[in-house]
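Engineer: Each chain, written out:
2 protein chains.
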Amino acid sequence: MTHRSLPVAADFHVDGPDQVRAVFYGLGSDGTVGGNKATIKIIGEQTDLFAQAYFVYDSKKSGSVTVSHLRFGPRPIHAPYLIERPTLVACHQWDFVDRFDLLAGLDAGGVLLLNSPFPIEESWRRMPAALRCGIRERGLSVWLINAYRVAREAGMGQHINTVMQACFFAVSGVLPRQEAIEQIRASLRKTYGRKGEAVVAMNLRALDATLDNLQPLDWRQLPAEDDLPPPAPVADRLAEAPLFVREVIAPLLERRGDALPVSALPCDGTWPTGTAQWEKRNIADTVPVWESDLCVQCGKCVMVCPHAVIRAKAVAPEALVGAPEGFRQAPARDPDLKGRSFTIQVAVEDCTGCALCVEVCPARDRTEPKRKAINMAPQRPLREAGRGHWDYFLGLPEMARGDLNLHKIGQQQLQQPLFEFSGACGGCGETPYLKLASQLFGDRMLVANATGCSSIYGGNLPTTPWSTNAEGRGPAWSNSLFEDNAEFGLGMRVAIDQQRQMALELLERLGPAPERADPLLPAALVAAIRDGDQHDEAGIVAQRQRVEELKRLLHAVAPEAPGAAAAARLLDLADALVKKSVWLVGGDGWAYDIGFGGLDHVLASGRDVNALVLDTEVYSNTGGQMSKATPRAAVAKYAAGGKAAPKKDLGLMMMSYGTVYVASVAMGARDEHTVRAFLEAESYPGPSLILAYSHCIAHGIDMARGMEQQKAAVDSGRWLLYRYDPRRTERGEHPLQIDSRGQKRPLAEAMATENRFRMLSFSQPERARALARQAELEVARRWAIYQALAGTPAPSPSEAPA
Amino acid sequence: MTHRSLPVAADFHVDGPDQVRAVFYGLGSDGTVGGNKATIKIIGEQTDLFAQAYFVYDSKKSGSVTVSHLRFGPRPIHAPYLIERPTLVACHQWDFVDRFDLLAGLDAGGVLLLNSPFPIEESWRRMPAALRCGIRERGLSVWLINAYRVAREAGMGQHINTVMQACFFAVSGVLPRQEAIEQIRASLRKTYGRKGEAVVAMNLRALDATLDNLQPLDWRQLPAEDDLPPPAPVADRLAEAPLFVREVIAPLLERRGDALPVSALPCDGTWPTGTAQWEKRNIADTVPVWESDLCVQCGKCVMVCPHAVIRAKAVAPEALVGAPEGFRQAPARDPDLKGRSFTIQVAVEDCTGCALCVEVCPARDRTEPKRKAINMAPQRPLREAGRGHWDYFLGLPEMARGDLNLHKIGQQQLQQPLFEFSGACGGCGETPYLKLASQLFGDRMLVANATGCSSIYGGNLPTTPWSTNAEGRGPAWSNSLFEDNAEFGLGMRVAIDQQRQMALELLERLGPAPERADPLLPAALVAAIRDGDQHDEAGIVAQRQRVEELKRLLHAVAPEAPGAAAAARLLDLADALVKKSVWLVGGDGWAYDIGFGGLDHVLASGRDVNALVLDTEVYSNTGGQMSKATPRAAVAKYAAGGKAAPKKDLGLMMMSYGTVYVASVAMGARDEHTVRAFLEAESYPGPSLILAYSHCIAHGIDMARGMEQQKAAVDSGRWLLYRYDPRRTERGEHPLQIDSRGQKRPLAEAMATENRFRMLSFSQPERARALARQAELEVARRWAIYQALAGTPAPSPSEAPA
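If you're matching them up, the sequences are chains A and B in order.
Residues 1 to 802 in this note's numbering are what the first sequence spells out, letter by letter.
Residues 1 to 802 in this note's numbering are what the second sequence spells out, letter by letter.
Source of the hints: derived by calculation from the structure; they are not laboratory data.
As the structure is a computational prediction, the values presented were derived from the model and not from experiment.
Don't take each hint at face value.
Claimed, not checked - Computed far set for chain A versus chain B, every beta-carbon distance over 12 Å:
(1) Gly-28
(2) Thr-47
(3) Tyr-57
(4) Glu-84
(5) Val-296
(6) Gln-534
(7) Ala-561
(8) Ala-604
(9) Ala-784
(10) Gly-791
Claimed, not checked - Calculated Cβ distances over 10 Å to all of chain A for the following chain B residues:
(11) Ser-263
(12) Tyr-392
(13) Asp-649
To be verified - Facing chain A, a subset of chain B residues (Cβ under 8 Å, in silico):
(14) Val-557
(15) Ala-561
(16) Asp-593
(17) Phe-596
(18) Gly-606
(19) Ala-645
(20) Arg-781
The beta-carbon is built from N, C-alpha and C at its ideal position, and this holds for glycine as well.
Kindly generate the complete structure, drawing on both the sequences and the hints.
Structural biologist: Right, dumping it as structure tokens:
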């Protein structure tokens, strides 16, 4: 700007010669950042070395790229910029070898650490040629480890942080190897002590196994470039993408967003939907494979998939003529779908490998009980074929929405989801509910989204999972603040109602009247649009057709005709004549805490809005802080000694109005109940509230078994299933209907399956017992209160089997 | 500032010669401002004249001075400043003749309109000499009307607005008299039409009577100055006031606040309490007079007095030796007070004349049933003696707090109120609850006050009704925002708890220990303070004595002694060792709406705070807007067609936690129940919520009968009395106890006694009936729910007498 800057020579650096400078490429939630923070602590606190760390990552819940920059050295470090000349580069995800220039700035003689699922020679062959050349030219020390295998065998599932941390200490030379190992041991004991001895032992086992499995790659012993086959041409996966995706989203995804001019961005801030499909993150180690012969076509795998990567279609058999090789199908089993061919397909490149689908699958091979109708298999061998199958699948016709029986999960799940491939954690308990809403109402849905996980995975620039169907209809979505989201959504409702009202007035004005000999619009159409019954799918489809006819007529009005101005205005507003569905979406931090005042106000207003609370019982997005939805006895941030207060009963509070539809659901406990509640809530012509139990990584559970945890919460009475429908009063029935079937399982035992409850019994066993007793009493009392309110005779918890 | 301003001649004015410029002195809520607004509308809308108005008043709920500035003329008015040269001055309150220079700027030949309760000659004699001289010198036209008598006789009670408006038109000449009268008639029909035909007729009657009663005062016919007695010397009522009152508050009260230097104001914003007592507003036309022979000494009149102007004491007879003449007393009737003399006194200069005390008095003269033990009588004749009696009364000793049985209203009401002479409306339904709290806990109370009526009458600069007892102890009070008051009060609680914790640690540090041969504090005192039982008055008194002893010992520590620094710190913190009582106070606008999110959060926190909701079922302070506490079918601003949604059940919502003490009270229905709830709430060592039904001018009722309206709300089932005490669970009892005794009175009939419900039946009778039916159903349903929750067998509303 001033033209006074001095030129900087490209080779000018001020890095200290005695520094270790390490850059780590990881995947969000693979433990890279956490492991590096532990490393910094060890070196900073336990040695005389100085240490510095900076972490670059976006707000995706998991699966996004993280880059850690760590410096160590004997002298103070004053370097407020990223590492440009690393002495060590660690790549914690094999796929990154294709995506990033790992050797950028790496000094000759530096170290490269690779997490590879392949043996040494295969790894070498699979590297891009440029990487191999760079290694050879700079004479790098290269180390390989199959971290996922080591972690899995140590019982740590996908958690490779301890393994990769040990590798770093082993190859970086920042500390003598033996000292480093001892320090890691101490650190693991400290970090995991409160989670119990078993977790500590598991980590220590992983540490030992790491040192046995870390291997040097001696490139001098491996094939030279001339002995390797030339690389296959890489298809441009964005070739068919819309212009905006190619010109704006792609550069942002490739970390080149800073180079975009302001003019490339939409001037009003709106952003194209359906864009997450272009990311193709390929982050799953294993993906589900469908066994068409075993499948009972229940739709459960499709329903629970948090990322909408498993989908089903039922098509006329002739539609499958020309299906690609290996494309599986089976005759549809549902009598309603008689004569159709049924298929389930997996978007292997979008899958996160969470395995919820496998856990929820009820169908097993009788001869080989471990084999289900859906099973996990390594992703890489399936990737190429899977991509082709998926693309073919997308081209198959959808069934007409009006033809589906939505109370049967198998049919309901044939609805196209309009929420796909979000950045939520693998196994997320929230997103299946959003996907369900998008299937049921997505083509006429407006979503006001509170800040929280759902606003991050829902609209994480540059992409959004909210998408559209073939007609271009899909949810309109916007994120407001934590503290005003309900009001924000109410504004959407008021605006639509106002537009509809205005459209109706214009309609009447342009329709027949005694004083108009030749009205612009025929009487029958005006009446049909005004009085059109839109209470179900068929009615909405019919109304859409009427509105199309209306638009056709309005388009034909000559500009100089009498009423032309009103016709033009009605053309603008005509879409408001089709029923819209307004949703207020957020987590418990929003609904129970920060946005509660507004939510209460909006639900009290009587307006037709639907609030969906994705209740993880904790502030998930910010790292697990206690909310008023956190149950008694759970450990959370700000409740290190277990929460001493009860969980707030938001449902009961809102039921007290008598005018709000309230449902409490848990998909993992009863999926058809969840669907019923969504349908009832949406159809209720007033405010509705759905409390949706959402398992979460913050609960300290195996996420693959999230749906079972939901069931445990219901079976132990901790989470009630119920529906409160004010319409029942008009029929002389109790508005409250309890759908839980009593306590089938002791509460304490169910709580012990989640680490958030269990960990307190290690650190403060006496307090843990006292809190658990209180929790038990509360569950019994709540059950009694709900029974009293429902006025239905049903067993009290004490009569139920313990 | 620039030294460039031109000098302005004192006689320079730009007022148009053809303008009518009128200045009106009124009392808040006497209708002056409203009447003038109607006048402006009439002239501005119905004539060719231009009009301008500006109103000067403070935020006192009623009883403060209002000054209206009105200009009218044939040409556009550009005068963005107050009227300095009026052509007409109207004084709507007789007492102002002594307080203000009414003739300031009034042109020779101008008009003076006086509302006087006296005949012409007496009025003339009672005027200050300066006023008489001014009238004579300037040759003014003077008009008199006894507006209060005219209004009363027309059935309008204290409402003089119509009367004074007619007078203005009659004497100002701004319109031809007959035209003006017709315009007023039309205006009255328009304004009061929706309140029913009876109200319109009443106003038209008042209009006619006004013209018959308006009299010219011809000073030429009246005694000259020499024929009048010299004026009596005026006592300086502030002579005994503290310096701050004399130097800061008095100028502010006299409307000379702009002349105060910044340095006169407290630098940290704290403001002395107990200052409302210096206002002596003398705004009551009539005040209560106690009949000692008829009185049963029940204390009800003292309890309901919104302004703490009726008080009782029971003293040793010898204390009354030397009582001034006419000072009434009687032997105490309560056996617990045997041998004492009982007296009730009235602060006639602070009374607003609301007559709640008379309405609530249960004792009647058998021979003359209209005569009660307390009756209203004109204030003026009582003023002088009353002042002396009151001053004498204040000097009588208070009974020891520990000696009173607080469950007997007669004894409880002997407690000194520390909330006196607020600027609330006459007959206010809120302030008796605050006064009660100040009696019970005022000497150790901290109040966080939400914005609303209670923040206006609670801390309306330059005075506050919150005051202190003889020991200087009284509530600490502060006002925060509408939206954060609960959190603000929680901060007070956290701060006190922290101070107490610190004080206890210092106490232990300065007490005996094995390594300290000669501790600064004796073991017995340390233990007694640490373990002191403060659950009742006696315990608190004892703890205060121990803390005094502690302070004495700490004061005696030599500055160089070991531990002197800790001793000094403990001296600062020692008062935190005595139990404090934190109160979150506000109206329904705060608790149900704008501050609800925070209130819910604070009550869920488990901290020991007491929330008092003064529920007027409407935003009273801002003029009657609907809140979520507004009951179904009531008319309010934003609910012109009657509220279509139900009243929010805040109590039930908070009961759902199971950890919050919740009480719903209505003093006018059961006063001893109210006291019990306050005592229980305060003693509960966790969060408490008291919902206090407060009648309000916004209800459209005769305020003198406010307590009966409270009873009607309870008897009709619209307001439930209950107490939910989590402590009862520990004793194996139901925490919820319903204290209402079923529905004793049909809901519709009770609602019809309040204009907020009734007015809809005039404007939209069909809708009014439908809403009333819904309200009835809701009351029945709510009763059933509460019965179910309480688990107690009790008659349902349908079984109760209708």
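Engineer: Look at each hint and say if it fits the structure.
Structural biologist: Hint check results:
no.: 1; hint: Gly-28; result: holds, 32 Å
no.: 2; hint: Thr-47; result: holds, 37 Å
no.: 3; hint: Tyr-57; result: holds, 32 Å
no.: 4; hint: Glu-84; result: holds, 47 Å
no.: 5; hint: Val-296; result: holds, 42 Å
no.: 6; hint: Gln-534; result: holds, 23 Å
no.: 7; hint: Ala-561; result: holds, 40 Å
no.: 8; hint: Ala-604; result: violated, 5 Å
no.: 9; hint: Ala-784; result: violated, 9 Å
no.: 10; hint: Gly-791; result: violated, 7 Å
no.: 11; hint: Ser-263; result: holds, 41 Å
no.: 12; hint: Tyr-392; result: holds, 51 Å
no.: 13; hint: Asp-649; result: violated, 4 Å
no.: 14; hint: Val-557; result: violated, 38 Å
no.: 15; hint: Ala-561; result: violated, 40 Å
no.: 16; hint: Asp-593; result: holds, 7 Å
no.: 17; hint: Phe-596; result: holds, 5 Å
no.: 18; hint: Gly-606; result: holds, 5 Å
no.: 19; hint: Ala-645; result: holds, 5 Å
no.: 20; hint: Arg-781; result: holds, 7 Å
Going through the hint list in order, the structure does not satisfy hints 8, 9, 10, 13, 14 and 15.
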